[in-house]
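2 protein chains.
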Amino acid sequence: MTETTIAFPARAFDPVGVRHAVEARLTVFLDAKERLAAAQGFPAEVVDVLRDLVLGGGKRVRPVLCVAGWYAAGGRGDQDPVVQVAASLEMFHAFALVHDDVMDRSATRRGRPSAHEAFASHHSGRPGAAKLGVDAAVLLGDLTLVWSDELLHTAGLHTDRFAAVTSVLDEMRTELMYGQYLDLLGTGCPSPDVDAALRIARFKSAKYTVERPLQLGAVLAGTQAGFCAALSAFGLPLGEAFQLQDDLLGAFADTPQTGKPIAEDLREGKHTALLALALRRAVGGERDLLMGLCQGIRPEPVQVAQIRAVLEATGARAEVEQLIDECHGRALRTLEDAGLPPAAVSVLRTVAATLIGPA
Amino acid sequence: MTETTIAFPARAFDPVGVRHAVEARLTVFLDAKERLAAAQGFPAEVVDVLRDLVLGGGKRVRPVLCVAGWYAAGGRGDQDPVVQVAASLEMFHAFALVHDDVMDRSATRRGRPSAHEAFASHHSGRPGAAKLGVDAAVLLGDLTLVWSDELLHTAGLHTDRFAAVTSVLDEMRTELMYGQYLDLLGTGCPSPDVDAALRIARFKSAKYTVERPLQLGAVLAGTQAGFCAALSAFGLPLGEAFQLQDDLLGAFADTPQTGKPIAEDLREGKHTALLALALRRAVGGERDLLMGLCQGIRPEPVQVAQIRAVLEATGARAEVEQLIDECHGRALRTLEDAGLPPAAVSVLRTVAATLIGPA
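Residue numbers (this note's numbering), protein chains in the order written: chain A, 264 to 622; chain B, 264 to 622.
Isolated chain A (complex conformation) (with noise of 0.2 Å):
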């Protein structure tokens, strides 16, 4: 069995050594871009906001799972392409992130001001710097994507894996946005509908972060498609627990743990799973309180509290919670039935276990 073996190695897939060169190609891409900024006189705050958010946090979900799929497909030999590919979703990721925070008016992400915000401060001596700010980071989110396609253009692909990687990619961006335009129109009308948030959870999360990503892993080694169908038949259902996961946190964690603002989903009456199967239990004044949300009216501090038993209390939590157990299980399911390599199944577990946590 030793050409398998080779094939794929799968010991040497590491996820915190993927963070480590995602994490330096994008420092040395940075520093370039910092360098033309000084050179052709360009304002150095817009470098420097969008390092703040690159480099000052992030669990590089995207990345990793973009190596492990390029692992568990076989790939070997130069890493250095997969690893300029997955930092380009990064980037992607950032500009991902500034965008969502101007359409929400989040104060603050990963633990820092916002990119809005941060340019706010940076002109807070003009008038207007609140909308300087806003617009500042429409801008700043453009071209963080040109500066991910940059990224991408020179990975030192050629035609037929370019145009592989690029035919995934451009289905994921495009199916990003108009998750993004469904959970928009979602947002502030809540309703019982679990399979509509569910829907929005597929396109915004479980096939933007879990199955794209490890299928770009799996064309970069040039796999086929029928691994590519067993990576969405694993990735979608994990996908899907990731961002129920998520619904979850966004509800209950604290900032220290998220970086985020506490309750923001509840503030921002996201239409999440959470939300919609406790609406279609809630009655008299715990449903008046989950209305409220799809009024558009955000919370006060106690009223979240009130929010978060209603949310236990309706039973909502729990089936959230077994919800993440089916879907878990079930992703971990196809890797027994797909025929796969075993160190394919072995990367693709571990995958499991980095995002959802042991079976």
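Please note: incorrect hints may appear among the correct ones.
Copies of the same chain look alike in the list, so a pair counts if it works inside one copy or between any two.
Within a straight-line C-alpha distance of at most 20 Å, the following computed SDA-like cross-link-like pairs (lysine to any residue) qualify [as the list claims (entries may be wrong)]:
#1 Lys322 - Pro278
#2 Lys394 - Asp363
#3 Lys394 - Ser369
#4 Lys322 - Leu293
#5 Lys394 - Ile560
#6 Lys394 - Arg424
#7 Lys322 - Asp363
#8 Lys394 - Pro306
#9 Lys322 - Ala359
#10 Lys394 - Leu448
#11 Lys394 - Cys452
#12 Lys394 - Ala370
Derived by calculation from the structure, the hints in this document are not laboratory data.
Position chain B against the provided structure of chain A, taking the given hints into account.
Leaving out everything else, chain B in the frame of chain A:
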């Protein structure tokens, strides 16, 4: 000279034909996206709003210049890739317009409601429709940028040609974003600093609208660095003239001519060379009137007429007209000095005439 004639088929460069070919390509692309949205159950208004913007008007300046660069550099044979890259440029421009209108809160574009207004109308029954419109337009701009990439990725370019194209393109996009940021910083605080105004114009317009599109076409034809340098020498002063002309239109044109709101630049207090020159010379009440723009006060129609009178009386308008002539002349003189093939010179003269009018 038969060989030269084949290598530089100047007579084949037909700006009207380019416009039609690019519009046909964009129509096919958007039709496919409409079918995709229907198949996936995505809301149809996303493609609808984009289609109205992309196909509802526009002079297609950048696509025309891209194809002109291709002809000027001796491009021949299959035009499909160059038309597709030109279409990608136009899609990129649509992205820039959507976000520009968000930042400026422009109500109209190309004589129709701007994207954020169109989304707000679509959702007019909802509370917070105006904010939803703006957020949706941020996402639409993002999606449009992603789709501009998809057009590029599917242009069928091979590794070396693709690397040459993206090298120009990545630079162009970064320059535009910084130019937009400089523009943002200058808006609402115009000063007598003509150089600063010309610098914004250089990045936002001369490079983005003229130099880079010409170079993109040239590298698609496989040209070398020397020819790209000649295109810079020609394109930058021509682009400056084009922007100065746009400044005059922005201050003096009525809506039907440009599709933009009347005197939009003045109302937004844009830091244009026109305004900077007027500020240098205005005294007393004239100066107070202009300085009102510096404090971000949007003038009423009657004041717009007064500001126009000041732009005339100070001689700023005449000086800008003279600058346009000088830049235009400088661009044309480079064609005589660069030792370019006569057919290339002929294409570039057509470009100058299309942008600025007869010399």
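Intra- versus inter-copy proximity for Leu448 and Lys394 (alpha-carbon distance at most 20 Å): between (23 Å within a copy, 11 Å between copies)
Within, between, both or neither: Lys394, Ile560 at alpha-carbon 20 Å: between (23 Å within a copy, 15 Å between copies)
Alpha-carbon proximity context of Lys394 and Cys452, limit 20 Å: between (26 Å within a copy, 15 Å between copies)
Homomeric proximity label, Lys394 with Ser369: Cα distance no greater than 20 Å: both (14 Å within a copy, 15 Å between copies)
Copy assignment of Lys322 with Ala359, given that the CA separation must stay at most 20 Å: within (15 Å within a copy, 31 Å between copies)
Intra/inter-copy verdict for Lys322 and Leu293 if alpha-carbon distance must be at most 20 Å: within (19 Å within a copy, 36 Å between copies)
Intra- versus inter-copy proximity for Asp363 and Lys322 (alpha-carbon distance at most 20 Å): Within one copy only: 18 Å inside a chain, 33 Å across chains, cut-off 20 Å.
Same-copy or cross-copy closeness of Lys394 to Arg424 [CA-CA at most 20 Å]: Intra 42 Å, inter 41 Å, cutoff 20 Å: neither.
Same-copy or cross-copy closeness of Lys394 to Asp363 [CA-CA at most 20 Å]: both (16 Å within a copy, 14 Å between copies)
Homomeric proximity label, Lys394 with Ala370: Cα distance no greater than 20 Å: Classified as both: same-chain Cα gap 14 Å, cross-chain 17 Å, threshold 20 Å.
Within, between, both or neither: Lys322, Pro278 at alpha-carbon 20 Å: So Lys322 and Pro278 pass the 20 Å test inside one copy only (10 Å; across, 50 Å).
Copy assignment of Lys394 with Pro306, given that the CA separation must stay at most 20 Å: within (18 Å within a copy, 29 Å between copies)
In the structure shown, a violation is registered for the earlier hint numbered 6 alone.
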